[in-house]
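Chains L and V supply the protein sequences, listed in that same order. So in our numbering, spot 526 of the first sequence is number 526, and the numbers just go up one at a time. So in our numbering, spot 300 of the second sequence is number 300, and the numbers just go up one at a time.
Any given hint might turn out to be false.
[As the list claims (entries may be wrong)] Here are the computed lysine-lysine pairs in the DSS-like style, where the Cα-Cα straight-line distance is at most 30 Å:
#1 L/158 / V/191
#2 L/165 / V/287
#3 L/165 / V/116
#4 V/8 / L/161
#5 V/74 / L/89
#6 L/158 / V/332
#7 L/171 / V/79
#8 L/171 / V/116
If you are wondering where the hints come from, they were derived from the structure by calculation, not from laboratory data.
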Amino acid sequence: MKIPISIPFETFRVRAIDIGVFLIILCILSLIIYIASQWTEPYTRTIQIDLNPKNIPEYAIQSLFRIFVAYLISLIFSIWYGYTASRTKYHEKVMIPLLDILQSIPVLSFLPGVVLAMIALFPGKRIGLEIACILLIFTGQVWNMTFSFYHSINTIPKEMKEVVKTFKLSKFSKFLKLDLPFSAIGLIWNSMMSVAGGWFFLMACEMFVLEDKDFRLPGLGSYIQTAANLGSIEHVVYGLGTMILLIIILDICIWRPLIVWSQRFRMETIPPEEERESFFLNILTGSILLRKLTNLINTFIYHIEKLSYSKVFLTKSSLLNLISKLVGFLILLIIFSLLVWAFINALSIISLIKLRDIITIMEAAFYSLLRVSAALIIALSWTLPVGVYIGLNPKAAKFLQGIIQIAASVPATAVFPVILLFLIKIGGGLDIGAIFLMLLGTQWYLLFNIIAGASSIPKDLIEISRAYGIKGLRKWKVLILPGIFPYLITGLITASGGAWNATIVSEYVSFGGQIMQTKGLGALISSSSASGNFALLLASTCFMSMIVVGINRLLWKRLFLLAKTKYTLE
Amino acid sequence: MEVILETKNIKKSYLVGRNREIVVLDNINLKIHSGQFISILGQSGAGKSTLLRIMAGLVEPTEGEVLYRGKPLKKTEPKIAVVFQSFALFPWFTVLENVKVGLVGQGYTEEEMREKALKAIDLVGLDGFEDAYPRELSGGMRQRVGIARALAVQPEILLMDEPFSALDVLTADNLRGDIIDLWKEGKMPTKAVVLVTHNIEEAVYMSTQAVVLTHNPGRIKAEIPIELSYPRDKNSRDFKFLLDKIYTVLVKPPEEIPMLLVTGRYQFLPHAKVGAIAGLVELVHDKGGKVDIYALSSELSMEVDDIFPLIEAAHILDFGEIREGDFILTEKGKKWAEADTLQKKEIFKEAALQNVQLIKQIMQVLLTISKHRVSEEFFLDILKNHFTPDESWNQFETAVDWGRYAELFAYDYDAGELYLEELQSIDM
Numbered sequence: 001m002k003i004p005i006s007i008p009f010e011t012f013r014v015r016a017i018d019i020g021v022f023l024i025i026l027c028i029l030s031l032i033i034y035i036a037s038q039w040t041e042p043y044t045r046t047i048q049i050d051l052n053p054k055n056i057p058e059y060a061i062q063s064l065f066r067i068f069v070a071y072l073i074s075l076i077f078s079i080w081y082g083y084t085a086s087r088t089k090y091h092e093k094v095m096i097p098l099l100d101i102l103q104s105i106p107v108l109s110f111l112p113g114v115v116l117a118m119i120a121l122f123p124g125k126r127i128g129l130e131i132a133c134i135l136l137i138f139t140g141q142v143w144n145m146t147f148s149f150y151h152s153i154n155t156i157p158k159e160m161k162e163v164v165k166t167f168k169l170s171k172f173s174k175f176l177k178l179d180l181p182f183s184a185i186g187l188i189w190n191s192m193m194s195v196a197g198g199w200f201f202l203m204a205c206e207m208f209v210l211e212d213k214d215f216r217l218p219g220l221g222s223y224i225q226t227a228a229n230l231g232s233i234e235h236v237v238y239g240l241g242t243m244i245l246l247i248i249i250l251d252i253c254i255w256r257p258l259i260v261w262s263q264r265f266r267m268e269t270i271p272p273e274e275e276r277e278s279f280f281l282n283i284l285t286g287s288i289l290l291r292k293l294t295n296l297i298n299t300f301i302y303h304i305e306k307l308s309y310s311k312v313f314l315t316k317s318s319l320l321n322l323i324s325k326l327v328g329f330l331i332l333l334i335i336f337s338l339l340v341w342a343f344i345n346a347l348s349i350i351s352l353i354k355l356r357d358i359i360t361i362m363e364a365a366f367y368s369l370l371r372v373s374a375a376l377i378i379a380l381s382w383t384l385p386v387g388v389y390i391g392l393n394p395k396a397a398k399f400l401q402g403i404i405q406i407a408a409s410v411p412a413t414a415v416f417p418v419i420l421l422f423l424i425k426i427g428g429g430l431d432i433g434a435i436f437l438m439l440l441g442t443q444w445y446l447l448f449n450i451i452a453g454a455s456s457i458p459k460d461l462i463e464i465s466r467a468y469g470i471k472g473l474r475k476w477k478v479l480i481l482p483g484i485f486p487y488l489i490t491g492l493i494t495a496s497g498g499a500w501n502a503t504i505v506s507e508y509v510s511f512g513g514q515i516m517q518t519k520g521l522g523a524l525i526s527s528s529s530a531s532g533n534f535a536l537l538l539a540s541t542c543f544m545s546m547i548v549v550g551i552n553r554l555l556w557k558r559l560f561l562l563a564k565t566k567y568t569l570e
Numbered sequence: 001m002e003v004i005l006e007t008k009n010i011k012k013s014y015l016v017g018r019n020r021e022i023v024v025l026d027n028i029n030l031k032i033h034s035g036q037f038i039s040i041l042g043q044s045g046a047g048k049s050t051l052l053r054i055m056a057g058l059v060e061p062t063e064g065e066v067l068y069r070g071k072p073l074k075k076t077e078p079k080i081a082v083v084f085q086s087f088a089l090f091p092w093f094t095v096l097e098n099v100k101v102g103l104v105g106q107g108y109t110e111e112e113m114r115e116k117a118l119k120a121i122d123l124v125g126l127d128g129f130e131d132a133y134p135r136e137l138s139g140g141m142r143q144r145v146g147i148a149r150a151l152a153v154q155p156e157i158l159l160m161d162e163p164f165s166a167l168d169v170l171t172a173d174n175l176r177g178d179i180i181d182l183w184k185e186g187k188m189p190t191k192a193v194v195l196v197t198h199n200i201e202e203a204v205y206m207s208t209q210a211v212v213l214t215h216n217p218g219r220i221k222a223e224i225p226i227e228l229s230y231p232r233d234k235n236s237r238d239f240k241f242l243l244d245k246i247y248t249v250l251v252k253p254p255e256e257i258p259m260l261l262v263t264g265r266y267q268f269l270p271h272a273k274v275g276a277i278a279g280l281v282e283l284v285h286d287k288g289g290k291v292d293i294y295a296l297s298s299e300l301s302m303e304v305d306d307i308f309p310l311i312e313a314a315h316i317l318d319f320g321e322i323r324e325g326d327f328i329l330t331e332k333g334k335k336w337a338e339a340d341t342l343q344k345k346e347i348f349k350e351a352a353l354q355n356v357q358l359i360k361q362i363m364q365v366l367l368t369i370s371k372h373r374v375s376e377e378f379f380l381d382i383l384k385n386h387f388t389p390d391e392s393w394n395q396f397e398t399a400v401d402w403g404r405y406a407e408l409f410a411y412d413y414d415a416g417e418l419y420l421e422e423l424q425s426i427d428m
């Protein structure tokens, strides 16, 4: 299993554009929080979750629907953003650094703000919560897909683009015949990763409770949480089981067939995937109904393609072009003025911050940083030996990888209530417990990357070290650590991002009607939203983004560059 | 012949840094007529491919313009088709679908598109592979798909960017032969072809004109017509001569090119010893001054190929002429046959000075140089501009044999030098 990660090269120092991008994000954030602060009427709606197992299918469908809608928006957004960013050099110069920062920001830190803002926009209606949930899943899964599409359409071989140009294909034809097929493999891989990540955010959203305000949405997440709250292990098992089953079904019926099918879009230079069979795909290709359906779709696309060449369409499109340009400009203007307005508001919100608040934020950030580091170290200490063992022993890999994949497919947030139940029973607090919760979200990224790294160490290097009697600690120093270094760094980057995300849901929890919290930036964000301290909410959310992006720039990316230049086995 | 594509004062340059300009192409004026198969030659970095892309409308020139049928070419034009070095096939499409890509925007119905695509596939010899995917095909077959895709749109002009350089030698040879067959039989719908290549042999084998570019910046160095009939024999003298000539043009600095080209084709001396020529001429004289060449060869039990150099030598010296398979002595030839040894030398000397370019040049050089002694290397170097090294040596040897017989000059074998034995006044 590989984890594709794309990081543009030039973003290793802080440039003027980074400051600009950061200001944009500050504006977006302050807009969200400004809207949230407008919410005055009390929120009373609470949803009754019925633990009767026969309701599970309905909850599951609602959860699936949220993921599906968020994914669809992500896909459309990715394609739009990818195209727009590669339109001119100026687009690229702003949009790519923006993308880079957006993807490293811990999305969950926005959860309280976004939920409050949406409630303020749609007072007393469930739609606000639904939108907030979909928005968060979207922001959790869109960036890597966007990077993948952008990267794909910018690495299309020059001569293939020239073919399209010489034959004067329409934009639609180009999209259909070249851009989409070329980016298909990357998009499908990243879609799979994104949807897996989407479950994490879905669960967090569905379970979201702030003190007396119950923002839960009916779904698998709230089902599991309610069951855990009531201490009903039986129902927790039902909920978790359904979710795992769903994830497995999605894997068998959608992702695996898609990956096998997408092999046809492979360029000669890329080696084939090992998995070239999908029994479900075989069933599908045998189906007459499906063949008829694809024929129907093909003729439909064919007619649209024809239309994209017709003269009527062209003249119309030139008028359309003008209109769309005008509308685009207007939208841009509105967004810009909105952002400026939000920024001014943000200044007035931030001016409420006292020195004491800053000290509180710093202190909280210190505790969270300690916890994140501890989670990473603990995760590393078990995944490193286990991952290397599995990676170097193909037999063990065959046996263990399936189990680990299923374990990893369970979003950490879904297990939180269960873990909390356990923590309360043994009487532990959240100070240490939060670390354990973070661990759940981070260890798998590390493990998978270490396995991939260890299995990519060339056989002859392993044999040579055996021949020279390199063993024990020296073997790790000479062979294993340098061999897995790039993978290790990739894993650590993703894991640390996951750990920061997890601070929101692990440092402050509402369980069985009572609030449990510990000192930390995540807890500060949640508690300040609960108490309506919007200045503190804005400052702490902002500060968390700054810490994560800063660590990314100063530590991870430097190591990543080192990994790419020095420790690449080519 | 109508002009299909014309480049007018094309210049292409790139800005490097703030204000440093790199000129890739400069002052390119070319006219491509219908019926022409033009190859663009140049060292790597000469901007050949850029020129081709400018002709295709893919790259905009910095200065100048491209005229397609007299009208400025603004963007790409479907009737100008391109074949790419990397084939540029879509791996997710079958052969048929790949060929259809070019037809999509042309307003054909599905049925017409299919028909035209199949015809093009048939033309390049890929019948039966319509439903194969590119990855199932060999490199040569893939390029055939690339060519079929270009031909399917019935282009007026076909631009090929090093189409054979990604193929192995044998496959490339095979494909070149097939393309030439299509071209000369008029089966290709195109009126003209432009081929970018760095392979001189390929250019001489395929094209009707070679355009040689300089590099840094790319300017037109020479346009050399290749007037050989198809199919071309790579071992023929004319083929090798053109190969050498283009090679020389490629490597020599631009200032020397006019000299090289103005002299035209250098006279070729058949490898014949004077004694043998005399023998032939006397024999023919005894037979009445006129013989059938084939009858003569069978009488002497010699191959025509063996006897021909002698006849050609006699012809060059104006001792005889060839007419409808007969060899007829001229008056001078008859006189030479009848003369005694001393007279023979005088007549031969006169004939050689009048008719043999190389002997004339040797004499000129020997007479102008004060010590009247010149190294053979000097002449061999001149000859190497026109002939292969081996052939140059043969030419020199023949000239020395003839000159010594005529007592025009002497040859010091050990020193490898030619020299005049005595100063003579010669009417040249």
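Okay, the hints, checked on the actual structure:
For the hint linking residue 158 of chain L to residue 191 of chain V, the alpha-carbon distance of about 27 Å falls within 30 Å, and the restraint holds. Between residue 165 of chain L and residue 287 of chain V, the direct Cα distance comes to roughly 73 Å. Violation of the 30 Å bound is thereby established for this hinted pair. For the suggested pair residue 165 of chain L and residue 116 of chain V, the alpha carbons sit about 20 Å apart, so the restraint of at most 30 Å is met. A C-alpha spacing of about 26 Å is found between residue 8 of chain V and residue 161 of chain L, which places the hinted pair at or below 30 Å, so the restraint holds.
Distance hint between residue 74 of chain V and residue 89 of chain L is fulfilled; the C-alpha atoms sit about 23 Å from each other, no more than 30 Å. With a C-alpha separation of about 68 Å, the suggested pairing of residue 158 of chain L with residue 332 of chain V is violated against the 30 Å cut-off. With a C-alpha separation of about 20 Å, the suggested pairing of residue 171 of chain L with residue 79 of chain V holds against the 30 Å cut-off. Only pairs whose Cα atoms come within 30 Å are accepted, and residue 171 of chain L paired with residue 116 of chain V is accepted, the gap being roughly 24 Å.
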